[in-house]
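Please arrange chain D on chain Z, whose structure you already have, making use of the hints.
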Amino acid sequence: DQQVKQNSPSLSVQEGRISILNCDYTNSMFDYFLWYKKYPAEGPTFLISISSIKDKNEDGRFTVFLNKSAKHLSLHIVPSQPGDSAVYFCAASQDQTGANNLFFGTGTRLTVIP
Amino acid sequence: DTGVSQDPRHKITKRGQNVTFRCDPISEHNRLYWYRQTLGQGPEFLTYFQNEAQLEKSRLLSDRFSAERPKGSFSTLEIQRTEQGDSAMYLCASSVGGGLANYGYTFGSGTRLTVV
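Protein sequence lines correspond, in order, to chains Z and D. Heads up: the first sequence is residues 1 to 114, going by my numbering. Heads up: the second sequence is residues 1 to 116, going by my numbering.
Don't read these hints as lab results, they were simulated from the structure. Among the hints, erroneous ones may be present.
[Stated by the list, open to error] Residues from chain Z that face chain D, not an exhaustive set, calculated with beta carbons under 7 Å:
| hint | residue |
| --- | --- |
| 1 | Y39 |
| 2 | E42 |
| 3 | G43 |
| 4 | F104 |
| 5 | T106 |
| 6 | T111 |
| 7 | P114 |
[As the list claims (entries may be wrong)] Below are the DSBU-like pairs computed for lysine-lysine, each with C-alpha atoms no more than 35 Å apart in a straight line:
| hint | chain 1 | residue 1 | chain 2 | residue 2 |
| --- | --- | --- | --- | --- |
| 8 | D | K14 | Z | K5 |
| 9 | D | K57 | Z | K54 |
| 10 | Z | K56 | Z | K68 |
| 11 | D | K14 | Z | K56 |
| 12 | D | K11 | Z | K5 |
| 13 | Z | K37 | D | K11 |
| 14 | Z | K5 | D | K57 |
| 15 | Z | K37 | Z | K71 |
| 16 | D | K57 | Z | K71 |
| 17 | D | K57 | Z | K37 |
| 18 | Z | K37 | D | K14 |
| 19 | Z | K68 | D | K57 |
Model, not experiment: these values are computed from the prediction. Even for Gly, the Cβ is constructed at its ideal location relative to N, Cα and C.
Just chain Z, same shape as in the assembly (with noise of 0.2 Å):
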């Protein structure tokens, strides 16, 4: 049973246009959401996250977005580089000061072209 779907396994974008990674999640008791990235071979790096009392959140290119009542949530990268490509995960946790696990999207591949 997914919780937390990424419906769009891959994403092409030209380089200096916006993208725009969607996540859509089904447990209403998820309380704090996360987006990772991660290049091969490595381990998923923590990227930006909002807590559910926000509908956004922005940290230089990146900005979240939810939409607690269509409990959705968007990751926006503007100006999108290069350096970017990478596969994103969108991730959510019932609790963010005493959370014990992270539930999982499948993740979306970006591909920003030069």
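Relative to chain Z, chain D alone:
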């Protein structure tokens, strides 16, 4: 101490053999997690420790799997009588307390297990 270290990076074993992986977390991190990632999937939680105590195990962690964290430092994950379905990337992560705010977990590069 530059991050979470996992050893070995790759392991090929014959079905039925036992394997053991090691994870060295960031030294000041008291929580340590094991995840498994199969092809085309995201990481799936296996178990976690707070210091030396193993506080939660996933139903994915069958009785052939055992994890330890003696002295609350490094951790080992052992798989007995390996099966082809155990082939996956095994990821270790560590964190300070359980807080995800700002930094989330720090993951290691993983151990890729291939059972032939």
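Hint by hint, here is what the structure shows:
| no. | hint | verdict |
| --- | --- | --- |
| 1 | Y39 | violated (10 Å) |
| 2 | E42 | holds (5 Å) |
| 3 | G43 | holds (3 Å) |
| 4 | F104 | holds (3 Å) |
| 5 | T106 | holds (5 Å) |
| 6 | T111 | violated (17 Å) |
| 7 | P114 | violated (27 Å) |
| 8 | D:K14 <-> Z:K5 | holds (34 Å) |
| 9 | D:K57 <-> Z:K54 | holds (31 Å) |
| 10 | Z:K56 <-> Z:K68 | holds (11 Å) |
| 11 | D:K14 <-> Z:K56 | violated (49 Å) |
| 12 | D:K11 <-> Z:K5 | holds (30 Å) |
| 13 | Z:K37 <-> D:K11 | holds (24 Å) |
| 14 | Z:K5 <-> D:K57 | holds (23 Å) |
| 15 | Z:K37 <-> Z:K71 | holds (21 Å) |
| 16 | D:K57 <-> Z:K71 | holds (27 Å) |
| 17 | D:K57 <-> Z:K37 | holds (25 Å) |
| 18 | Z:K37 <-> D:K14 | holds (32 Å) |
| 19 | Z:K68 <-> D:K57 | holds (29 Å) |
Consistency with the previously given hints fails for numbers 1, 6, 7 and 11, ordered from lowest to highest.
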